[in-house]
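Chain by chain, the residues run as shown.
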Amino acid sequence: MWTSFDTWIVIVGMLCAVACALPGCFLVLRKMSMMGDAISHAVLPGLAIAFLVTGTRASVPMFLGAALAGLLTALFTQWIMRFGNVDRGAAMGIVFTTLFAIGLLLIRRAADHVDLDPGCVLYGAIELTPLDTVALGRFDIPRAALVNGGVLLANLIVLTLFYKEFKLSSFDPDLADTLGYSSQFLHYLLMTLVAVTTVAAFESVGSIIVIAMLVVPPATALLLTHRLLPMLLIASGAAILAAVAGHLGALVVPGWFGFESTTSSGMIALASGLIFLLAWLFSPDQGIVMRRFRAAPVPIDPLSNTNTDTA
Amino acid sequence: MHTESLSGQGVFPARNTEPRPEHPPEVPLAIHDLTVAYQRKPVLWDIELNIPEGKLVGIVGPNGAGKSTLLKACLDLVPRTSGWAHIYGVPYRKARHRVAYVPQRESVDWDFPVNALDVVAMGSYRRLGWFRRVNAAETKRAMEALDQVGIAHLAHRQISQLSGGQQQRVFLARALMQDADLYLMDEPFAAVDAATEQAIVDLLRRLSGEGKTCLVVHHDLATVTSYFDWIVLINMRVVAAGPTAETFTRDNLQKTYGGKLSLLEKAAEALRSTPR
Chain H
1 MWTSFDTWIV
11 IVGMLCAVAC
21 ALPGCFLVLR
31 KMSMMGDAIS
41 HAVLPGLAIA
51 FLVTGTRASV
61 PMFLGAALAG
71 LLTALFTQWI
81 MRFGNVDRGA
91 AMGIVFTTLF
101 AIGLLLIRRA
111 ADHVDLDPGC
121 VLYGAIELTP
131 LDTVALGRFD
141 IPRAALVNGG
151 VLLANLIVLT
161 LFYKEFKLSS
171 FDPDLADTLG
181 YSSQFLHYLL
191 MTLVAVTTVA
201 AFESVGSIIV
211 IAMLVVPPAT
221 ALLLTHRLLP
231 MLLIASGAAI
241 LAAVAGHLGA
251 LVVPGWFGFE
261 STTSSGMIAL
271 ASGLIFLLAW
281 LFSPDQGIVM
291 RRFRAAPVPI
301 DPLSNTNTDT
311 A
Chain S
1 MHTESLSGQG
11 VFPARNTEPR
21 PEHPPEVPLA
31 IHDLTVAYQR
41 KPVLWDIELN
51 IPEGKLVGIV
61 GPNGAGKSTL
71 LKACLDLVPR
81 TSGWAHIYGV
91 PYRKARHRVA
101 YVPQRESVDW
111 DFPVNALDVV
121 AMGSYRRLGW
131 FRRVNAAETK
141 RAMEALDQVG
151 IAHLAHRQIS
161 QLSGGQQQRV
171 FLARALMQDA
181 DLYLMDEPFA
191 AVDAATEQAI
201 VDLLRRLSGE
211 GKTCLVVHHD
221 LATVTSYFDW
231 IVLINMRVVA
241 AGPTAETFTR
251 DNLQKTYGGK
261 LSLLEKAAEA
271 LRSTPR
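Chains as they are written, first to last, in my numbering: chain H, 1 to 311; chain S, 1 to 276.
The hints are simulated quantities; they were obtained by calculation from the structure and are not laboratory data. It should be emphasised that the depicted structure is a prediction, and the values quoted were computed from it without experimental measurement. Every residue gets a Cβ at the ideal spot worked out from N, C-alpha and C, and that includes glycine. It is possible that some hints are incorrect.
[What the hints assert, rightly or not] Quick list of in silico lysine-lysine cross-link-like pairs, DSBU-like style, CA-CA up to 35 angstroms:
1) S:K140 - S:K41
2) H:K31 - S:K140
3) H:K31 - S:K55
4) H:K164 - S:K255
5) S:K94 - H:K31
[Unchecked claim] Residues of chain H placed beyond 12 angstroms of chain S at every Cβ, according to the derived structure:
6) F5
7) W8
8) T97
9) L105
10) V134
11) G137
12) L179
13) V253
14) W256
15) G266
16) F282
17) G287
Work out the full structure, taking the sequences as your base and the hints as a guide.
So this is what it looks like as structure tokens:
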């Protein structure tokens, strides 16, 4: 049975998925896909400290604490890479496990009696989002729709304004610096977007969607296009498709096996994975199925240096 | 003005406390007392260099000699431990519009979702400034730059589908877009086909004919004398610098490429003889 509840769940899912997929494209291109994963775990101490300092679970201090912890993750990762002489993946691993552990300890020690449930943080409760509404004029809008919609709008504005700069600094950060566009500034601007998006999204829908949407739709788009702007658009499309198909799947698929409906968050993430699989199989020029059917080989081997184009 | 001199702060002993030597403002690149260290290990030591205008200059030295670092230090891409590099008499940040940099081809991800024209258009970004998009005029210039390196027909091809030589030409076209007076190029001849090598040489000669100065990191000793007017032999320090005919000698090459052991000894000796 499709209700207005389901409509809102899909809308929240779509807003959140696109909000994540857009900055996610640049994360994937910068080979730091797991930054979203790292940030979404590392915000836990931020939540705990914000609670300890303010004594409430009010949204604003929680949000600020989490966003700050997210930015610190990016900062610490950069430091450990530079001074610890390790690669980015290892640096992220060190930072987010440590911060996550601190967060767990803080919650256990100081806030055990409060409902700050790490499990809830991971899996989220997208099904409950339509219950928490805000009156906007004559309409009751779910708070999660407003939050994720706001974040999506902010991401759209920043990525539109700095499109050229993000493209340049993601492709060639040294050139960006020599041309006077600080690659460091742009890096932390992107990290701010990711931190804010991650925190806003997982507060309402859980981090599994966030982690999936930051990486999977952009990776899917990369299989389907060789240009940046189409990549952003296709990633958004794949994210929307995953949200719709995921929620439908959560309602319908378990029924085939005689179960009640399952969690939409997990199903949306799973749907994005299936969409990636389809793109991997059937992408017109990179898909493994299509490649088998194609007669002519790829015209130029990029590794070959025997270049005859001297015209 | 020049606050870069940190040599008194510990890592390296202070040297060269005498006043800066005067240099004429038209020198494209003047480097004084430049020392660069990664993780406290010196890569460049006490570099003193004046590059004359309008010359085709090769930077030659063994692997790990600090050739790329020298370019990066001039462009503020790596921190200097001491000393300074001036471009036409001013620090780099005031001379961005007069310099174009061609990094090593391997320094970027060629699977990035852009085509050749997109990459070349990046050479116009400094002119455009923050927020402004690449316009029709700059796109036209980018096409012309691609034409100058002979690959205008590949403008709309994704960069991973270009050969190594074609990728190098894309980088050169991007530098041409910057319309600079001083070109710093890091190994443009590395792993390119013969036709591209010739095209790059022709381009360098044309730039130098227009009075531009090109500083090119080069690794192929066999071609040094035919390509460059002027060379800098470098191995952590400047071994020799000057017109190719006088500088590219067996003796200087021996000093540049000599065994690692003798090099370490010289460095140790230099440290000992340093006045504290």
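Hints, one by one, checked against the model:
The hinted pair formed by K140 (chain S) and K41 (chain S) fails the criterion: a straight-line CA distance of about 46 angstroms is larger than 35 angstroms. Annotation: proposed proximity of K31 (chain H) to K140 (chain S) holds, straight-line Cα distance about 32 angstroms (limit 35 angstroms). Between K31 (chain H) and K55 (chain S) the alpha-carbon distance is near 39 angstroms, which puts this suggested pair outside the 35 angstroms criterion. This hinted pair does not check out: K164 (chain H) and K255 (chain S) have alpha carbons roughly 46 angstroms apart, beyond 35 angstroms.
A distance of roughly 32 angstroms separates the Cα atoms of K94 (chain S) and K31 (chain H); the hinted pair therefore holds under the 35 angstroms criterion. With a least beta-carbon separation of about 38 angstroms from chain S, F5 (chain H) lies farther than 12 angstroms from that chain, consistent with its non-interface assignment. A cut-off of 12 angstroms between C-beta atoms confirms that W8 (chain H) is not in contact with chain S; the least separation is 34 angstroms. Distance check for T97 (chain H) against chain S: the nearest CB is about 25 angstroms away, which clears 12 angstroms, and the non-interface claim stands.
With 12 angstroms as the threshold on Cβ separation, the claim that L105 (chain H) sits away from chain S holds: the shortest Cβ distance comes to roughly 33 angstroms. V134 (chain H), annotated as away from the interface, keeps every beta carbon of chain S farther than 12 angstroms; the closest lies near 33 angstroms. With a closest Cβ-Cβ approach of about 34 angstroms to chain S, G137 (chain H) is found to remain outside the 12 angstroms limit, as its non-interface label requires. Distance check on L179 (chain H): its Cβ comes as close as 4 angstroms (rounded) to a Cβ of chain S, failing to clear the 12 angstroms threshold; non-interface status is violated.
For V253 (chain H), the non-interface assignment is confirmed: its Cβ lies about 33 angstroms from the closest Cβ of chain S, beyond the 12 angstroms cut-off. A cut-off of 12 angstroms between C-beta atoms confirms that W256 (chain H) is not in contact with chain S; the least separation is 38 angstroms. Listed as a non-interface residue, G266 (chain H) keeps its Cβ farther than 12 angstroms from every Cβ of chain S; the least gap is roughly 30 angstroms. The claim that F282 (chain H) is not at the interface with chain S holds, since no C-beta of that chain comes within 12 angstroms of its own (minimum 19 angstroms).
Against chain S, the non-interface label of G287 (chain H) holds: every CB pair exceeds 12 angstroms, the least being about 16 angstroms.
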